[in-house]
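A.B. asks: Chains A and B supply the protein sequences, listed in that same order. Using our numbering, you'd call the opening residue of the first sequence number -2 and step up by one each time. Using our numbering, you'd call the opening residue of the second sequence number -2 and step up by one each time.
None of these hints come from the bench; they were simulated from the model. Computed from a predicted model, the values in this text were never measured in an experiment. Don't take every hint at face value.
Because identical chains cannot be distinguished in the list, a pair is counted as satisfied if it fits within a single copy or across any two copies.
Said to hold, decoys possible - Here are the computed lysine to any residue pairs in the SDA-like style, where the Cα-Cα straight-line distance is at most 25 Å: (1) Lys338 - Gln284; (2) Lys355 - Arg58; (3) Lys136 - Asp221; (4) Lys187 - Lys389; (5) Lys388 - Glu365; (6) Lys389 - Gly363; (7) Lys15 - Lys53; (8) Lys310 - Gln435; (9) Lys194 - Pro375; (10) Lys389 - Asp327; (11) Lys140 - Phe95; (12) Lys121 - Gly88; (13) Lys136 - Val257; (14) Lys388 - Glu285; (15) Lys348 - Ala312; (16) Lys376 - Gln404.
There are 2 protein chains.
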Amino acid sequence: MKIVVIGGVAAGMSMASKLKRLKPEYEIEVYEKGHDLSYGACGMPYYLSDIIKDEKTLVARTQEEFQASGINVFTGHEVTHVNAFDKSIEGLHQEKPFKKTYDQLVIATGASAIHIPVDNHHLKGIYPLNSLQDAIHLKEALKSAQTIAIIGAGFIGMEVAENMIHLGKTVHVIERLDQVLPTYDAPFAKLAEDALKEAGVIMHLNETLKGYEGLENVKHVITDRQAIEVDLVIEAVGVRPNTQFLKDQGFDMLPNGALVVNDKGETNLKDIYAAGDCVAYPHLLTQEPTFVPLGTHANKMGRIIAEQLSGNKDAYFHGVIGSSILKVMDLTVSKTGLTMKASERLNLGLKYVDVKAKNQAGYYPGAELMDIRFTYDPKTLVIKGAQIIGKKGVSDRINIMASIISQGLTQDILENMDLAYSPPFQPVWDPLQIAAQQIK
Amino acid sequence: MKIVVIGGVAAGMSMASKLKRLKPEYEIEVYEKGHDLSYGACGMPYYLSDIIKDEKTLVARTQEEFQASGINVFTGHEVTHVNAFDKSIEGLHQEKPFKKTYDQLVIATGASAIHIPVDNHHLKGIYPLNSLQDAIHLKEALKSAQTIAIIGAGFIGMEVAENMIHLGKTVHVIERLDQVLPTYDAPFAKLAEDALKEAGVIMHLNETLKGYEGLENVKHVITDRQAIEVDLVIEAVGVRPNTQFLKDQGFDMLPNGALVVNDKGETNLKDIYAAGDCVAYPHLLTQEPTFVPLGTHANKMGRIIAEQLSGNKDAYFHGVIGSSILKVMDLTVSKTGLTMKASERLNLGLKYVDVKAKNQAGYYPGAELMDIRFTYDPKTLVIKGAQIIGKKGVSDRINIMASIISQGLTQDILENMDLAYSPPFQPVWDPLQIAAQQIK
């Protein structure tokens, strides 16, 4: 059995590693376009500010380690074509073509930062933050830059903004929408926005990038409102699946190019699986194929595909529910399940409750308020989503809610659950239970 | 409708408050033997060390506030007899008898610290920590005591020991069993024990209290091994339900006197409910009546009884699963569900996995290892229990497990759950998911 994997970061290498453990006799070949394998991309914003000092600590396993485990890894190999009919791939290595056959193929090509083709977008000093090499180059360039513009106020934009503040930079964030963190409901996004503003970030919402100006290096960011003088630009307007080479070959894709996979990781083409930032996962609550480029899903689907290929046909991906968490200065910002925004977009008719409650017993020193929104189905009282933002005890609670919402539980189950309690950690009625009580 | 409540702390007052909101027209009378209502007993260890400075902050609501809400509260009224046949109670107030009738009765008399009748147990300087008045007297007495012996290494004993260390005392803990925290499996109890020893606590395990010595004040604690010179003794060997006055009246009780109630809070006698530290709750996993004297259960069952009495017959108590958490110096010590000890006692045939894993991405500074034990049913792979101990991110995880275990989920549900992830808070595979992967 010969397994070919295209792409050697989270999804590809977790698949390959797991499968090699399950089936040592399988031949596994990984073709990776870039130079780095299996690295923690989520740590890159913190690497920029030197909170994480050495890029080597971001690398989970090296090419040598994978080779030693019996996985054949080819870096610098770009796959340019998949022939689903004769079960082969074609590509280029140092400008020379190569062709390989497979029994089973796994596509794990990830996604690339979107680079907007505005005026002068080829000027120097405009950086993406997509690969480990990007991060290394950007960290070096930041040494001689004081004023930074970040284009986009999604997760990466917000995390990078915080880390630029840690470096003592002057930071502009430019976002064409009227809120940061577009997957959050507006009042909750506002709390995250305010935390960055308070830290000194100059926030430009409702402002659209029109172009750049400069001679060799970028000197101004031009928006629909003004010209902003900058030394360096970081683009963080989202990512696009690396599936252009698969166009017009009959793959089922979302409009952005994300490969639609089922809960076994299968694409619609025979013997071709896909995982990671190049796919749209099944959503556990809405059943929609959903583009959620996150390392956790890449790792999980990678393992599921390995189980499938090893013959364990019972293994299945349980679905995404939209869980996310990020640090924004001293706030923890988190969500899971469906927001009111999602409800309106999908016409689900959810309702919500908003609650402020303390993370621990009010009489124990250091208690902090957190803001909670639960969305719920008004007919069944099933809790459908949670957004939680606060300074303490938030990462505690969002994943309790991920568990509650994954299981489709009603508010009374949470209200009456035997949660562990002690004054330094929880009030006698946990904030989650106080919010559950409001749903009635 | 006239509701009589015996006992005015957590269970009694949460019942009365909720019922008054649901049914303002009901007449509610609360008879409380002591002086304080509705206080946060769980905060008392921290009050001793002045982490919580003022006892008033422990009082959730005062008698005046309850009266103002329309609940008639009688403090200093000790109920001495319940006549289930003519639906009345009898008692004493300032040595004068009183008698009242009821339509529905709620018993919420709590529990009292066990005082072991060893030699010289009436000497001065031997304190319980059961009521708010106990805490006030003990805090005063601690001012002139340097060497403290704590009898018992359960939750209260451990919390008090930590707080005595904070006060700079010399602290002996005397425990007749071979481990601290008897509800935990031995290797996990050992981690908590070691944390206290490292902080300076002198730990005497396998050592049994035989008596005290002294003239007026206690001067020595006598064990089966030695005499320990002390200035003050705090007894924390557990509590006994305050149900002696109900003996021989046909109530279904555990051997320790805990009233057995069903999931509606009903005792076996008609129109008599009970909640709080005087009852044994239904266990969600074993169905056994279980004595778990904790404020969370008291509050929850109090509300359920209020719902029942208001006519909402669908409300029910979902059962305890044995969740607990406590701070032991810089460790968080927690459990939920069934331990291996419980499995052996009940002959359940559970198995376990032990895992050490980091609370956050290893490359993000400040990661700490935590110790995790999951128990599980080897036939179904349903996770039955979790014990988690570590310095960071523990209170996060134990209540995720409370949710998982309450719902009877198998290991693959947890392994594949969409948990929120970001490097400052979680590794890409959460420690809980790593432990779930080990179950196979």
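A.B. asks: Determine for every hint whether it applies to the structure shown.
C.D. replies: Results for each hint:
1. Lys338 - Gln284: within (17 Å within a copy, 42 Å between copies)
2. Lys355 - Arg58: between (41 Å within a copy, 17 Å between copies)
3. Lys136 - Asp221: neither (29 Å within a copy, 66 Å between copies)
4. Lys187 - Lys389: So Lys187 and Lys389 pass the 25 Å test inside one copy only (18 Å; across, 28 Å).
5. Lys388 - Glu365: Close inside one copy (6 Å) and across copies (20 Å); limit 25 Å.
6. Lys389 - Gly363: Both, since 9 Å and 17 Å are each at most 25 Å.
7. Lys15 - Lys53: Within. Shortest intra-copy distance 23 Å satisfies the 25 Å Cα cut-off; inter-copy 58 Å does not.
8. Lys310 - Gln435: The answer is between: 19 Å across copies meets 25 Å, while 43 Å in one copy does not.
9. Lys194 - Pro375: neither (36 Å within a copy, 53 Å between copies)
10. Lys389 - Asp327: Answer is both: 9 Å inside a copy and 17 Å across each meet the 25 Å cutoff.
11. Lys140 - Phe95: Cα proximity of Lys140 and Phe95: none, with 40 Å in one copy and 82 Å across.
12. Lys121 - Gly88: neither (30 Å within a copy, 87 Å between copies)
13. Lys136 - Val257: Neither: 35 Å inside a chain and 65 Å across chains, both beyond 25 Å.
14. Lys388 - Glu285: neither (33 Å within a copy, 40 Å between copies)
15. Lys348 - Ala312: between (34 Å within a copy, 23 Å between copies)
16. Lys376 - Gln404: The answer is both: 17 Å in one copy and 22 Å across copies each meet 25 Å.
This entry does not satisfy hints 3, 9, 11, 12, 13, 14, going by the numbered hints stated previously.
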